[in-house]
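Colleague: Line by line, the protein sequences give chains B and X. Residue numbers are given in the numbering used here: position 197 of the first sequence equals residue 197, and the series is strictly consecutive. Residue numbers are given in the numbering used here: position 264 of the second sequence equals residue 264, and the series is strictly consecutive.
Think of the hints as simulated: they come from the structure by calculation, not from any bench. There could be a bad hint or two in this list.
[Claimed, not checked] Across the chosen pairs, the derived CB separations fall in these ranges: (1) B:G60 with X:F45: 20 to 28 Å; (2) X:P174 with B:V211: 52 to 60 Å; (3) X:E53 with B:A82: 39 to 47 Å; (4) B:P110 with X:D75: 43 to 51 Å; (5) X:L219 with B:P72: 33 to 41 Å.
This structure is a prediction, so every number in the text was calculated from the model and none was measured. Note that CB positions come from ideal geometry on N, CA and C, so glycine has one too.
For reference, the chains in residue letters:
There are 2 protein chains.
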Amino acid sequence: MVNETGPAAARFVLVGTSHAGNVGAAARAIKVMGFGDLVLVAPRFADVLVHEETVAMASGAADVLVRARTVPTLDDALDGIAHACATAMTPRDFGPPTLAPRPCFEALVPALARRGARVAFVFGGERHGLANDDVRRCQVCLSIPTAPGYGSLNLAQAVQLIAYEWRLALGAHPVVARALQAPPADLAAVERLLAHWREALVAIGYLDPAVPKKLLPRLRRLLLRAAPTAEEVHILRGIARAVLRRGGAAPAHGGDAGKRSALD
Amino acid sequence: MVNETGPAAARFVLVGTSHAGNVGAAARAIKVMGFGDLVLVAPRFADVLVHEETVAMASGAADVLVRARTVPTLDDALDGIAHACATAMTPRDFGPPTLAPRPCFEALVPALARRGARVAFVFGGERHGLANDDVRRCQVCLSIPTAPGYGSLNLAQAVQLIAYEWRLALGAHPVVARALQAPPADLAAVERLLAHWREALVAIGYLDPAVPKKLLPRLRRLLLRAAPTAEEVHILRGIARAVLRRGGAAPAHGGDAGKRSALD
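The following block holds chain B by itself, in its conformation from the complex (with noise of 0.2 Å):
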């Protein structure tokens, strides 16, 4: 991430802060989503990146702690960017406009990437937010869309939102899917499973075929809905015929319902 320019490489700006624990959450909140510039603009201990809570917090992203840099102000904090976004919830007069992260970055990363600019994200101190006047210094103003009566994100949770939007914005990194969810298997093949079970059914007694009262209509509803793999077709077909030999009644069709299982 050191040598990345452009949108990927976002800087994250913390005015203020007066928290150690959420310099440290911070770190590790943007390193998870494969960022790691950070910048402290005039935190309330001078000395915080080295905090043993801050630290702590970090856990493995102490490397984002030691590339840090802290500084005086926040023009100091944007040089080499050509677009802070702030982020604060309540909009200020003459300020910019404000939107939700999500509309907001996919409009965005493609406006940067063509002119190649950097993004920088800054967000104020725990007590009272960003000042006017730094709210003012940034082309837009983010708003996460939380509860009408409970608006209040600490600011490390703020700090990963964001991360993961702007990182969601970029193109995701890939999830590790399972190794291959196994296709659902033939229609036909719920088919001769659905016969093969009526018919246990049948010599158990669960099912009077005078008097069926849909209830294969009802397994195959069941059956349609949960999309049955081959393997798991073979399983209840397993068990149909572990049934029908158990049940003590001669099953009509059971050594072919056998054979037809080998073949599915």
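Following the hints, complete the assembly by docking chain X onto the known chain B.
Modeller: Below, chain X alone, put in the same frame as chain B:
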């Protein structure tokens, strides 16, 4: 949120949590997205819901902690839940399919709404995540897209991201926009502004009409990109007027420009 049913009544289940701070931060994370049903399964400390650090990290979400329950097993936690989503970075053999939250939720919300079903999101402990048996009790395994080399999300951060994505899939709370963004000025007003500036720049000797060097096209491109409002056009014409007044030279259409400005 107490009386909500269906997909909006999402439950958040933390299995085997060891850090009190994470329980508090999780309570805050779900409340900020408009949820309130928190269940702990066999936490490391049975009284974690009333720990000082839990309450401190919950900030204004103490009501969520008060309503939260502690139960011995995941089965206990899933009463009244029709669809359980595990969260795990690594897929498990015989486990459910692994999906990223966003595409999963886009399909899941309408499916649950049709059937009036409730969802639970199940999170593992800080050290080892979810056990295989717990993942297998869920219909889907959610994997948050993270950086290939460092996918270690803090527990409360994972809760925040999932709560956020579920809220957006349900339909986000609206973002408070700025009072009203003024619309951009008419292009004709921008052209009158450029003519006014041209006059002022000639008067102060910055623009040589004999060698204009594409100055006007450059300024026009900048203005069109900025899309100024009528008020901003008015300010910029006021500057041109002041330049012409102080520039010393008798402006060619000074009086005329003043009249035009008042009409814009």
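Colleague: For every hint, state whether the structure bears it out.
Modeller: For each hint, the structure was consulted:
1. Between B:G60 and X:F45 the beta carbon distance is about 25 Å. The supplied range of 20 to 28 Å therefore holds.
2. Separation of X:P174 from B:V211 is about 56 Å and conforms to the stated range, judged on CB atoms against 52 to 60 Å.
3. Distance hint check: the CB atoms of X:E53 and B:A82 are about 41 Å apart, consistent with the given range 39 to 47 Å.
4. Judged by the Cβ atoms, the range 43 to 51 Å given for B:P110 and X:D75 holds: they are separated by roughly 47 Å.
5. Remark: the range hint 33 to 41 Å for X:L219 to B:P72 is upheld by a beta-carbon distance near 35 Å.
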